[in-house]
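For this one, chain A is given, so just place chains B, C and D with the ligands on it according to the hints.
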Amino acid sequence: MTSLLDRYGYMLWMREFELACLEGVPTREIHGELHTGIGQEAIAAGFVGSLRADDALCSTHRNHLHAIAKGVDMRAMLAEIFERETGLCGGYGGHMHLMDPKLKFSATGIVGAGVPVALGHAYAARLKNSDSVAVAVIGDGAVNTGAFHEAMNLAGVLQLPLIVVVENNEWAISVPFGASSPTATVAERASAWAASGVKVDGNDVEKVAAAFDEAVAKARSGGGPSLIEASCYRFRGHFEGDADTYRSQQEKDERRQIDPLTITRARILERALATEEQLVGMETSVRSALREMLAHVRAEPHPLGEHATRHVFVEAGR
Amino acid sequence: MTSLLDRYGYMLWMREFELACLEGVPTREIHGELHTGIGQEAIAAGFVGSLRADDALCSTHRNHLHAIAKGVDMRAMLAEIFERETGLCGGYGGHMHLMDPKLKFSATGIVGAGVPVALGHAYAARLKNSDSVAVAVIGDGAVNTGAFHEAMNLAGVLQLPLIVVVENNEWAISVPFGASSPTATVAERASAWAASGVKVDGNDVEKVAAAFDEAVAKARSGGGPSLIEASCYRFRGHFEGDADTYRSQQEKDERRQIDPLTITRARILERALATEEQLVGMETSVRSALREMLAHVRAEPHPLGEHATRHVFVEAGR
Amino acid sequence: MRNLNLSQCIAEAINLEMERDDRVLVIGEDVGVQGGVFGATRGLQKAYGSLRVLDTPISETAIAGMGVGLAMEGYRPILEIMFVDFMGVCLDQIYNAIAKNHYMSGGAVRMPIVIKTAGGCIGSGAQHSQCLWGTFAHLPGLKVVAPSNPYDAKGLMASAIESDDPVVFIEHKKLLLTRAEDFSFGADVPAERYTIPLGKAAVVRAGTDLTLATISGTVLPAIAAAERLDAEGVSVEVIDLRSVVPLDVDTVAESVNRTGRLLVVDEDYLSFGLSAELVTRVIESKARVNHFLRHAVPDVPIPGALSLENAIVPSEESIFTAAKELSRRV
Amino acid sequence: MRNLNLSQCIAEAINLEMERDDRVLVIGEDVGVQGGVFGATRGLQKAYGSLRVLDTPISETAIAGMGVGLAMEGYRPILEIMFVDFMGVCLDQIYNAIAKNHYMSGGAVRMPIVIKTAGGCIGSGAQHSQCLWGTFAHLPGLKVVAPSNPYDAKGLMASAIESDDPVVFIEHKKLLLTRAEDFSFGADVPAERYTIPLGKAAVVRAGTDLTLATISGTVLPAIAAAERLDAEGVSVEVIDLRSVVPLDVDTVAESVNRTGRLLVVDEDYLSFGLSAELVTRVIESKARVNHFLRHAVPDVPIPGALSLENAIVPSEESIFTAAKELSRRV
Ligand SMILES: Cc1ncc(C[n+]2csc(CCOP(=O)(O)OP(=O)(O)O)c2C)c(N)n1
Ligand SMILES: Cc1ncc(C[n+]2csc(CCOP(=O)(O)OP(=O)(O)O)c2C)c(N)n1
Ligand SMILES: [Mg+2]
Ligand SMILES: [Mg+2]
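Protein chains in written order, with our numbering: chain A, 729 to 1046; chain B, 729 to 1046; chain C, 219 to 548; chain D, 219 to 548.
Incorrect hints may appear among the rest.
[To be verified] Computed cross-link-like contacts, DSBU-like style, restricted to lysine-lysine with a CA-CA straight-line distance of at most 35 angstroms: (1) Lys392/D - Lys980/B; (2) Lys830/B - Lys935/B; (3) Lys392/C - Lys856/B; (4) Lys542/D - Lys504/C; (5) Lys504/C - Lys418/D; (6) Lys504/D - Lys542/C; (7) Lys264/C - Lys946/B; (8) Lys264/D - Lys504/D; (9) Lys418/D - Lys264/D; (10) Lys504/C - Lys504/D; (11) Lys980/A - Lys830/A; (12) Lys927/A - Lys927/B; (13) Lys418/C - Lys504/D; (14) Lys830/B - Lys946/B; (15) Lys392/C - Lys980/A; (16) Lys980/A - Lys264/C; (17) Lys935/A - Lys980/A; (18) Lys264/C - Lys830/B; (19) Lys830/A - Lys264/D; (20) Lys980/B - Lys264/D; (21) Lys927/B - Lys946/A; (22) Lys542/C - Lys392/C; (23) Lys264/D - Lys856/A; (24) Lys927/A - Lys946/A; (25) Lys927/A - Lys946/B; (26) Lys264/D - Lys946/A; (27) Lys504/C - Lys418/C; (28) Lys856/B - Lys946/B.
[What the hints assert, rightly or not] Stretch by stretch, here's where chain A covers chain C in the computed footprint (C-beta under 8 angstroms, at least three residues): (29) 264-277; (30) 518-528.
Calculated directly from the structure, the hints in this document are not laboratory data. Here the structure is a predicted model, which is why all the values come from computation and not from measurement. Even glycine gets a Cβ: it sits at the ideal position worked out from N, Cα and C.
Excised from the complex, chain A in its bound form (with noise of 0.2 angstroms):
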């Protein structure tokens, strides 16, 4: 089991990650539109403890948490983020691609794509007669896309161990959710997939967890196909650089108060699990860690590029 104080040292990886992924664009060193996932840790901090290196997890433009909390090397996540030749996918991937073949994590800047490849593992695990399963991650805005539907469908008549977790931030871009949902919530959509389908807040990573455990171990066990729904609000602008003025001042102001990290600090305070000195000697050395690390990837070469060539077939081509 993993314990709270787990789940907030996560927490605490993915916030600091994303901050120092904030550094590299003012600096240029990262280009492209870079999302990162702040405000919405507890949701990714959820999942740990319920997966396997054997089970999938298929994930989005916004993919850095859930890439930590699959247990991707961050070290080679921040590499590839930072456009090093040491990145997870020598540079050839970028933020919105971070591949890691051995623990079956993927991610794809199309939006709903992700769902489609996760059930591709999920029927693996069928043909393997393993209990392992495939969580697709993605956001309230891909829920509306074909490719989700078409997923989900195939899931529900094949039954396959297929968990699909919508990290509903109530915005896709300047979309607000109820401009493009016709029903109140996702979860009630679910039985459309013959899934279980749940809403829980994703700010609370113990609520988070339990949902998805639950959805893990009904999929291990033959159960079929689970669609989470997990409330949360995305702290930044859709992706650095994004002028955010469809969010009003107000509305951000407010929701930013309600901090997945803060919510789970003052639980663990409230329960004494730890003191307060041992979560900012917590928080410190995390944030020292990724100090490092930054400083690290900073100093690794970029890829070459005559590189650039490489990998478009694997036998000879053109």
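Structure of chains B, C and D with the ligands alone, referenced to chain A:
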């Protein structure tokens, strides 16, 4: 109000029309995969009377009956199907692409692709502040396409006047409904898109008409989208030439006994809406009208090869 | 000079068309309240309301299919597919319906639709950096336009909206983000409406030794490279194709007939695309092509790291090198 | 001679691969119980069960995406997209994931996937008649194979399955429906397993005056046209390219070097496709190309009526005419 006798008349035209089409296959006057709606007439005949010229109907590969219900000129249809210059589309379309813009009728050969098109028509009604509606007819197999989901979702969000009729003939080529649907019915999925859902006996033209008319009335009055599932059975192979070995002979024999024309005819007699003689008279006259139509169409010219490069662009292209 | 950037010019063009023609609509993700992720539909929803400028869910197939239905109803929808890379989720409606309905209906149905999208490399990796005009150009029934500067962007967008044919309009992300004053040409954009005919290339720099034909984001670096080649004694004529379909072969052929050398620079993938088609058509036109060279993304996905991207995407430097090499061929 | 038709040969090839490699799967619509709408997966579900040969709903994006996940799990899925025309609904997974995952992962992920589909004209109209190999070929990371005869179909399918790269395998509908005895070559198919390397063209008819390069359904009519041209004193060498990616330019260039004339016949759309790419690459190879001609579908959707289709799709007659014209050019 369209009488049952009128509907039977439509069903006769539909059946005879399809039988006429069948003749063009062995003679190689019709190429490609011809799909007929024989056995499914009660559904399209149930549309009659509810739709106006300014309502749209978007159909599928199995589209002839829907076109007839919408009032498309049968002779032009037959000529198109028989690949004549005088055809509805001048021979450019073929049997899967009957299009009559004046009646807002169109068809597509891509499964599911008609639903987003109907959505566009429904949105046009909103823009025009008109009470016209849009209908998409699809098969049970199309419910699993991403296009269906995306269009239903947007119709639900905007509460547009979209009616999707699912002709559930239990088979999508060789794949039975149960192997592609996670739910026992399509209708029960409707709430996922904030649509009304209803399942009707698609062999009962009156039940179809009632459900359809209700959905149209609801849509006209701003009540939003509906999903109507009409059960039926495809009497012939998926297309002419299909060996159709995936359905047992017993199933086919049994199910073809339940013929919507026979059912409707018996009901008419039962209710004394017409005499046997009158019905035979109707049947004979429709049959001979179609024989004559076919003879005429067969005498019409094929489009000239030298015209094949027309109509790619309205303005100069390449 | 008004110093508008390219995305403002696009918005202005759409605005002018929407003003004069009620049938023009804008449908897509983030086009309304936000005015487009690149600002290219800014102000339109305020001006024309949320029905004519519709923010949609992330449902590109619904967007594209809606466009088909709306066109059948007499509307002239502008469908925004945010990045051209996302076309794969809705290409069916684009090539099987939008591109073919006019033909399949024997001319009875018209599809006056603009598919407005952003392409090009800005360090965003394999799924957010493609150009793909070669993909659309291969599919009959679509016009394919890609402007290189603010002036053209406005005039070509007006023509695209006015066209009764479907037009895929690909805006280059880098240009969308470039300020007008940083354009060496086409930065001065009149406030009033004007159109630029689709299918007319522009000779953006005159030269005598070598014809360089390109489009979209590589026009500016091509001109810059040409300036530098002057110093090397090579006079380069630069042609901005403006559209891939129609492809203005005449303008290129006429130039090559004078220079004898043709360099095609393409930010899209090298093979089975613009570069081979243009080379082949110019030769077919009987122009005197003594030497030609293609310089394009060498059939490689766009890599994540900028150091890799820079190595495969045509730049001023690489264009300079390619042109120089071609100019020396004997 | 066993007189198998082409679809049987494909099924046999898949069968042999499934027998030797448990990781090979078949996923698609109607591939199981029915054995494929063209019979090209016949018998496989009976032999390998409904898990390894899965009948799916009409959900091509799910099919293609599943393939990605299964490949990551070490499987070698054969994904059937019934007609190549339907690719537009799932191209995203094909070109943004299947084609790029190997690259985006820096080589860590492999996508040994076969996308098996049917193309070509048989009087089915604009949405059921396309070839589209040019579309796939433009997108880096995909191999594109299209066999012209039963022997090649079997051997190329074996290689496609064995390949660690994704392969789009386009079977021509007309060939699928042609009986083996009606093939003038490649009709004799051994029962045992064999492979034909991807990217090696075949000189299917030797000649000295003109090189005719083509692929898939137009190889047979090209040979027939060539026979007739003999009578006119024109000796035509016919090359079956077999794959569009890799494109065997060497074999074509070597031939053209001898003949001086190149005719490319393509049942796919003319522009921005195979024909221009091949012409350009042959010229780039420095082969002596005195004259060339492209004969392909003239950028027109495939019409419904056969009388129209016949006017725009290359046939024995039209190939004969094109070759004759080219042979007379001076
Ligand atoms: C198919 C597709 N359409 C559009 C986009 C552009 N896009 C990237 S992220 C995004 C919003 C996603 O919203 P949501 O799924 O709620 O995730 P969030 O960003 O809120 O985490 C959009 C529209 C895309 N990447 N792919
Ligand atoms: C996107 C797409 N996938 C596959 C096909 C091939 N196809 C044509 S009809 C059909 C079955 C359709 O079944 P259903 O929707 O139930 O309609 P029915 O034929 O039973 O009337 C299939 C798979 C297609 N035309 N389009
Ligand atoms: Mg969101
Ligand atoms: Mg059906």
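Each hint, compared with the structure:
About 30 angstroms separates the Cα atoms of Lys392/D and Lys980/B, which keeps this hinted pair within 35 angstroms; it holds. For the suggested pair Lys830/B and Lys935/B, the alpha carbons sit about 29 angstroms apart, so the restraint of at most 35 angstroms is met. Simply put, Lys392/C and Lys856/B have alpha-carbon atoms about 38 angstroms apart, too far for the 35 angstroms limit, and the pair is violated. This hinted pair checks out: Lys542/D and Lys504/C have alpha carbons roughly 20 angstroms apart, not beyond 35 angstroms.
Among the hinted pairs, Lys504/C with Lys418/D is consistent with the structure: their alpha-carbon atoms are about 32 angstroms apart, no more than 35 angstroms. The hinted pair formed by Lys504/D and Lys542/C meets the criterion: a straight-line CA distance of about 20 angstroms does not exceed 35 angstroms. Taking the CA atoms of Lys264/C and Lys946/B, the gap is about 31 angstroms. The hint holds against a cut of 35 angstroms. As the CA atoms of Lys264/D and Lys504/D are separated by approximately 53 angstroms, the hinted pair breaks the 35 angstroms bound.
Only pairs whose Cα atoms come within 35 angstroms are accepted, and Lys418/D paired with Lys264/D is accepted, the gap being roughly 34 angstroms. With a C-alpha separation of about 19 angstroms, the suggested pairing of Lys504/C with Lys504/D holds against the 35 angstroms cut-off. The suggested pairing of Lys980/A with Lys830/A is violated, with an alpha-carbon distance near 38 angstroms, which exceeds 35 angstroms. At most 35 angstroms may separate the alpha-carbon atoms for a hinted pair to count; Lys927/A and Lys927/B meet this at roughly 29 angstroms.
Taking the CA atoms of Lys418/C and Lys504/D, the gap is about 32 angstroms. The hint holds against a cut of 35 angstroms. For the suggested pair Lys830/B and Lys946/B, the alpha carbons sit about 24 angstroms apart, so the restraint of at most 35 angstroms is met. At most 35 angstroms may separate the alpha-carbon atoms for a hinted pair to count; Lys392/C and Lys980/A meet this at roughly 30 angstroms. At roughly 23 angstroms between alpha-carbon atoms, Lys980/A and Lys264/C fall within 35 angstroms of each other, so this suggested pair holds.
Of the supplied pair hints, the one linking Lys935/A and Lys980/A holds, its CA atoms being roughly 24 angstroms apart against a limit of 35 angstroms. Distance check on the hinted pair: Lys264/C and Lys830/B sit about 34 angstroms apart at the alpha-carbon level, within 35 angstroms; holds. The hinted pair formed by Lys830/A and Lys264/D meets the criterion: a straight-line CA distance of about 34 angstroms does not exceed 35 angstroms. For a cut-off of 35 angstroms, the pair hint linking Lys980/B to Lys264/D stands: about 23 angstroms separates their Cα positions.
Distance restraint check for Lys927/B and Lys946/A: the Cα-Cα separation of roughly 31 angstroms lies within the 35 angstroms cut-off, and the hinted pair is therefore satisfied. Under the criterion of a C-alpha separation no larger than 35 angstroms, the hint pairing Lys542/C with Lys392/C is consistent with the structure, at around 26 angstroms. Distance restraint check for Lys264/D and Lys856/A: the Cα-Cα separation of roughly 19 angstroms lies within the 35 angstroms cut-off, and the hinted pair is therefore satisfied. A C-alpha spacing of about 16 angstroms is found between Lys927/A and Lys946/A, which places the hinted pair at or below 35 angstroms, so the restraint holds.
Of the supplied pair hints, the one linking Lys927/A and Lys946/B holds, its CA atoms being roughly 31 angstroms apart against a limit of 35 angstroms. At roughly 31 angstroms between alpha-carbon atoms, Lys264/D and Lys946/A fall within 35 angstroms of each other, so this suggested pair holds. Straight-line distance between C-alpha atoms of Lys504/C and Lys418/C comes to about 20 angstroms, which keeps the hinted pair within the 35 angstroms bound. Distance restraint check for Lys856/B and Lys946/B: the Cα-Cα separation of roughly 18 angstroms lies within the 35 angstroms cut-off, and the hinted pair is therefore satisfied.
As drawn, the region 264-277 of chain C meets chain A at 5 residues by the rule of a beta-carbon pair under 8 angstroms; at three or more, the given contact holds. Taking a C-beta to C-beta cut-off of 8 angstroms, the region 518-528 of chain C contributes 10 residues in contact with chain A, enough for the three needed, and the coverage statement holds.
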